[in-house]
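One letter stands for each residue in the lines below.
Protein chains: 2
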Amino acid sequence: MEDEHRPTTAPEPECDKHEDRVEDPEDPGSTGNGISSLEQPLLKRSTTLTASHLALVGAKVSHIESLDYEIIENDLFKHDWRSRSNVEVLQYIFLKWAMAFLVGLLTGVIASLINLSIENISGLKMLHMVNLVREKRYWAGFFYFAGVNFALTFVAAVLCVVFAPTAAGPGIPEIKAYLNGVDTPNMFGFPQLIVKIIGSIGAVSSGLDLGKEGPLVHIGACLANLLSQGGEGRWRLKWRWLRYFNNDRDRRDLITCGASSGVCAAFRSPVGGVLFALEEVATWWRSALLWRTFFSTATVVVVLRGFIEVCREGRCGMFGEGGLILFDVSDVTVRYHVGDLLPVTLVGVLGGLLGALYNHVLHKVLRLYNLINARGRMAKLALALAVCVFTSAGLYVLPFAVPCTPCDPAFGEACPSTGKSGNFKQFNCPAGYYNDLASLLHATNVDATRNIFSTGTSGEFRLDSLFIFLAIYVVLGLFTFGIAVPSGLFLPIILMGSAYGRITALLLRRWARIDHGLYAVLGAAALMSGSMRMTVSLCVIFLELTNNLLLLPITMFVLLIAKTVGDAFNPSIYEIILDLKGLPFLEPKPEPWMKDIAVGELAAAKPRAVTLQVVEKVSTVVETLRNTCHNGFPVLDRPRPGVSELHGLVLRSHLVAVLRKRWFLPEKRRTEEWEARERFSSTDLAEKAGTIDDVELTPEEMDMYIDLHPFTNTTPYTVVETMSVAKAVVLFRTCALRHMLIIPKFQGPEIPPIMGILTRQDLRGHNILGAFPHLANKKKTH
Amino acid sequence: MEDEHRPTTAPEPECDKHEDRVEDPEDPGSTGNGISSLEQPLLKRSTTLTASHLALVGAKVSHIESLDYEIIENDLFKHDWRSRSNVEVLQYIFLKWAMAFLVGLLTGVIASLINLSIENISGLKMLHMVNLVREKRYWAGFFYFAGVNFALTFVAAVLCVVFAPTAAGPGIPEIKAYLNGVDTPNMFGFPQLIVKIIGSIGAVSSGLDLGKEGPLVHIGACLANLLSQGGEGRWRLKWRWLRYFNNDRDRRDLITCGASSGVCAAFRSPVGGVLFALEEVATWWRSALLWRTFFSTATVVVVLRGFIEVCREGRCGMFGEGGLILFDVSDVTVRYHVGDLLPVTLVGVLGGLLGALYNHVLHKVLRLYNLINARGRMAKLALALAVCVFTSAGLYVLPFAVPCTPCDPAFGEACPSTGKSGNFKQFNCPAGYYNDLASLLHATNVDATRNIFSTGTSGEFRLDSLFIFLAIYVVLGLFTFGIAVPSGLFLPIILMGSAYGRITALLLRRWARIDHGLYAVLGAAALMSGSMRMTVSLCVIFLELTNNLLLLPITMFVLLIAKTVGDAFNPSIYEIILDLKGLPFLEPKPEPWMKDIAVGELAAAKPRAVTLQVVEKVSTVVETLRNTCHNGFPVLDRPRPGVSELHGLVLRSHLVAVLRKRWFLPEKRRTEEWEARERFSSTDLAEKAGTIDDVELTPEEMDMYIDLHPFTNTTPYTVVETMSVAKAVVLFRTCALRHMLIIPKFQGPEIPPIMGILTRQDLRGHNILGAFPHLANKKKTH
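In order, the protein sequences belong to chains E and D.
For the first sequence, UniProt numbering begins at 1 and goes up steadily by one.
For the second sequence, UniProt numbering begins at 1 and goes up steadily by one.
Derived by calculation from the structure, the hints in this document are not laboratory data.
Every clue listed holds true.
It does not matter which identical chain is meant; a pair holds if it fits inside one copy or across any two.
Think about it this way: if two alpha-carbon atoms lie no more than 25 Å apart in a straight line, the pair counts; the simulated BS3-like pairs of lysine-lysine are: (1) 595 to 78; (2) 595 to 96; (3) 78 to 589; (4) 96 to 688; (5) 96 to 589; (6) 661 to 617; (7) 78 to 238; (8) 589 to 606; (9) 78 to 661; (10) 617 to 668.
Note that this is a predicted model, so its numbers are computed, not measured.
Using the sequences and the hints, build the whole thing.
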């Protein structure tokens with residue numbers, strides 16, 4: 001429940017109503033009128049500061065919460081730290097590292113198994129299809145190809161639609177939001193993990209234009225979350241050691257490890273994985289975490305290497321060819337001169353332009369898809385299957401449209417080849433000839449990338465084949481991403497980028513003296529940068545993908561150009577998706593107009609904060625919890641007449657824990673520290689189980705009192721009312737806060753000790769502009 | 001001036017007395033009794049919370065200040081932002097990028113020139129020496145060799161001692177402190193830059209066991225600082241655009257760019273440079289800065305490549321051989337199996353142990369050297385020259401101690417060679433034989449590393465030669481670092497590490513099946529990690545140095561082991577140096593016992609904060625400034641009886657600016673906003689020129705009033721008195737603060753609006769333990 005502050009007199013908290021109303025994904029009316037058009041925002045946003053806290057996750061409107069990354073300093077937790085023995089501290093440290101190791105290990109194993117399945121399933125599929133074509137049974141070939149793809153997509157989509165709608169898509173935006181402090185429900189659980197694994201295998205082997213990279217990142221994060229909780233729901237382990245991880249902070253660190261392990265497993269790129277997590281995913285970072293993440297990715301690499309070693313020489317079917325480097329282009333010595341600057345710059349500029357255009361169009365397509373997906377499960381399924389049929393038809397038919405090319409012995413590779421992989425597919429061609437488009441389309445996405453990146457093959461691909469390839473993959477890349485299967489964005493973008501890179505090289509072949517395969521690499525990097533706007537991590541990922549260090553300076557150059565050009569048009573694709581999903585992500589930089597408004601003004605625009613007294617009546621606490629959906633309540637005291645005290649902030653979950661334990665006092669008095677400790681351990685308090693609706697109290701109990709001293713965090717973060725919102729946003733984000741108290745600048749009688757309370761939603765630019773429209777004008781002049 | 005708070009009644013501020021007393025580095029008594037022993041701390045630390053703010057920089061005690069990274073929100077600055085036009089915003093953005101480009105460009109050019117000089121000077125020296133040896137004129141050879149080295153060291157040391165004592169050493173700890181918020185004087189100026197360039201050329205070509213890597217980082221930082229200020233002192237440019245950079249925040253960002261450019265230029269490692277700045281040097285980091293830093297290092301690489309291109313085929317004397325990759329070992333295909341685990345683990349564990357031991361012994365040596373250096377300029381010079389003579393003797397004589405080895409045609413390289421470089425130096429051997437120790441000792445440090453890293457040469461080096469090499473370089477590595485010349489730590493550690501790596505490979509040759517050259521690489525990486533405790537950045541630097549991606553997983557493994565082992569013994573070498581220099585660096589993690597003390601207790605242990613009224617008498621302001629050395633003063637108001645207001649915090653430099661401008665009011669009144677703006681621009685206020693001693697006022701002026709409204713930062717960061725020090729330290733560091741106000745938790749009449757003020761010194765563990773010794777006992781139990 002998010003933290004808006006409404007008066008206690010409200011009879012029913014709005015937050016719960018919302019949640020009930022939109023629970024059923026089958027109900028077409030659940031998404032309201034707000035999304036009936038392509039132009040309007042997907043979620044209706046309120047125009048006051050108490051903004052919506054609902055988000056669309058996996059095309060389903062969900063209730064979102066903030067995470068408590070702040071250190072809670074209350075009596076019980078403080079006692080827990082103080083009483084921790086050295087052994088317990090060592091247990092904690094050991095567990096942190098053991099968890100990081102396990103996350104890496106499991107991610108590596110699962111990634112290898114996924115790879116193994118995909119390579120074998122799609123390999124067998126391709127082989128049989130090619131055989132049918134060689135026997136000139138073209139229709140049989142088509143129906144076989146399309147049928148298998150249909151079945152695979154069906155499995156992936158049904159799993160995704162029925163069991164885990166949030167497993168659709170890459171999951172990276174939600175991880176990014178989680179690490180920013182926004183929790184989306186049902187995102188990192190066991191069903192998501194399983195659906196993501198099987199769905200990813202199905203979707204990728206069915207030939208859809210999507211990668212397993214994003215899903216692998218999500219799988220890593222799911223593993224991290226499940227490990228830190230000891231499982232989920234009923235099957236949850238109650239191991240004593242796991243209590244150390246029963247807080248949002250340690251879970252956040254582990255999920256960061258999981259995300260980098262995922263990238264590492266996807267690209268076999270340990271350093272790139274760490275940097276991806278650092279540059280793109282994580283909001284807060286410390287040196288210690290850098291090291292732990294690095295440890296996780298190192299574990300992943302060892303596991304991957306182990307699998308490759310075991311599977312060498314065909315022991316795992318069609319898996320295990322190729323080494324640790326996915327697209328090795330290290331055999332080319334790169335020499336470049338001033339003359340190469342022009343085509344390379346062009347690749348960079350085009351990458352920025354096309355990336356921005358891709359973001360723009362994908363945004364529109366996703367809005368359209370959300371409308372379709374909102375119509376229910378069958379609509380989702382139909383959409384996925386339609387895209388699958390279209391993809392199968394395109395991939396199968398198009399190679400017939402290009403003429404056969406004679407093999408050139410200078411290529412030095414088997415030509416033509418009839419196997420599963422191979423750069424020169426014979427397909428429908430006579431002996432001695434190959435079909436260049438079939439080499440690209442009749443292969444897994446990874447093999448297609450390997451073929452288009454191949455070096456020393458400048459004459460291999462015909463210009464028209466490359467144009468056809470680019471066209472079909474642009475269409476597929478736009479229309480595949482939003483369907484209800486686990487899908488990654490990396491590989492589609494790499495394919496598009498490499499195509500236009502090769503095309504540029506072919507068109508400018510008089511000036512482009514670098515190998516055409518390297519142009520494909522540069523194009524892929526440029527388009528990635530133009531769409532995702534990463535720099536250092538992409539650079540390292542491409543370095544680790546291609547193993548050509550000499551290409552590094554030129555890659556850096558291209559990446560910088562593409563990002564600069566892209567940033568001139570729109571935000572990165574992940575930010576677009578975050579916005580589309582309505583996740584309240586806090587941007588690193590405050591808007592310029594935020595300097596012109598003080599937090600005191602924000603507080604004045606909101607209802608008064610709901611506060612509690614240190615020793616409070618049970619009935620008051622229950623009513624406050626029932627009638628609001630705030631998550632934190634300032635606790636005040638009045639030690640002597642005329643003097644008021646800001647005692648601290650108490651969390652909803654802690655109040656619920658107290659009510660459930662029925663720790664009530666017959667008279668209004670302050671308790672001693674040991675009294676609470678007799679009944680509560682810090683572990684009880686850390687559990688976030690149950691809501692206020694589970695609490696049922698007798699009228700006698702309602703007349704008793706609660707002493708909030710032991711549960712109140714006495715050190716909330718504060719800002720003076722005169723602080724500008726810009727500065728407050730920076731403080732809020734850098735310290736990873738959930739609540740921030742506004743204190744008055746005056747000190748004297750009759751002045752309340754707090755002026756208000758700020759939460760994430762209050763500090764989001766969009767919400768502030770809703771309440772203070774005059775700032776929008778200033779915005780334009782800046 | 002640092003920010004302790006003493007009562008205003010003190011007749012003379014202590015800070016100035018200190019500074020006067022220790023200004024003369026010639027005075028042997030200046031360092032006091034505190035450092036007369038090897039065991040006692042170098043700087044006498046006070047036992048109250050008002051701790052010393054003096055640091056030893058370049059063996060000279062200096063006055064240090066904190067930096068103002070906080071956004072100052074006062075009327076004048078706020079008006080400046082609001083009135084900034086779009087053109088000015090674009091100017092600012094353009095300038096930021098132009099500066100980052102210039103920093104990269106100049107660092108690249110200077111690094112290339114330094115390289116060119118070193119290669120030519122030491123090349124010529126070696127050639128002539130070898131010729132003398134070949135003519136069997138051994139004594140002439142020795143005196144020539146030692147004489148040239150002596151002269152080169154003399155130039156470097158004299159420059160360093162006379163013109164810029166702070167240019168001695170690597171400079172990285174000071175940059176690290178600067179980016180943490182600690183300013184050391186005379187660190188990033190023009191003399192430092194020049195001395196560092198020339199001194200580095202002299203010191204490295206004289207054959208001393210030190211690298212140019214640390215100095216290059218310092219050179220990059222100096223360039224960044226000078227560019228952002230438009231020069232120094234009298235020659236400072238007063239270009240209008242530069243006013244955007246007249247604040248500590250933008251300068252910090254640019255210095256980060258400079259530091260990464262330096263690393264990039266040293267190792268030709270653009271990504272490694274960025275990561276080094278991120279992992280080791282910088283305290284605060286944002287995504288935008290990652291990108292700008294990356295742009296700087298990309299520029300450096302382009303410049304380096306340009307120089308290499310121009311200098312190809314001997315056009316620059318002996319510079320320009322070798323490409324962009326310093327120690328290319330990419331010709332070996334790395335295959336490793338479970339059996340290799342044992343020797344590789346051993347290399348890692350040894351790296352950690354030796355690294356920790358190196359840190360420990362170097363610490364002792366530096367303490368000894370500080371005693372010597374404190375005796376004056378002549379002592380410093382004598383020490384440097386003594387080390388030079390010892391080095392020359394060792395390098396010249398030792399190769400005579402080993403027998404000659406017959407050339408093996410399998411090596412495939414010129415053997416024996418008589419030129420400047422070459423892996424098989426003939427030296428004193430007959431034709432067909434080479435002296436393996438001469439190959440390592442009679443070469444520049446870079447060439448020596450290249451030789452010991454060379455692959456496919458497992459039989460090249462004899463075990464006894466390697467032991468001699470290791471022994472001499474351990475001794476030299478310990479005793480060279482602290483002398484008064486610009487010196488880097490990287491290369492000495494790489495040399496030691498590669499030697500023990502090769503030794504391990506030779507000793508375990510039954511189990512070590514990986515190439516011996518790669519063992520040298522692993523040894524170097526392990527020792528670096530064991531001493532400097534970096535992980536990701538080292539990994540990338542080694543990847544970019546050696547261009548062997550297949551080595552990456554095993555490098556990660558070794559680095560993790562070495563860091564873990566090293567961390568069990570002592571902190572990293574940079575932390576040791578920071579501590580030795582007395583720089584008040586704020587650690588990322590608070591001590592565990594800091595949870596047991598509240599900021600209110602700290603405030604109670606200090607003298608009351610010195611406050612000012614919003615409209616204050618000139619004489620009071622002048623006296624406050626003269627009698628204290630605080631840098632920030634809380635400003636209070638009393639809008640109506642019984643009510644007091646915390647108006648904000650005013651900085652010393654702003655008060656001095658007001659006094660110098662004589663903006664006084666004849667009567668006690670509050671001014672309008674435009675009145676101050678008529679006299680002050682935000683640019684005037686940002687200038688930190690002048691101290692209170694420059695202000696001379698007439699008695700009439702002293703009786704007038706100052707309205708502090710326009711100059712007061714109305715949004716200081718605040719914490720409630722109940723906050724634990726642990727949490728306050730995290731807030732202080734993550735928000736890069738200089739002052740933090742403690743506010744009372746009570747609200748009522750007669751309660752002061754602030755309880756105290758905290759600065760960096762108050763939050764350092766050592767100082768708190770001094771004032772609260774009972775916490776030290778708890779410390780042990782944790």
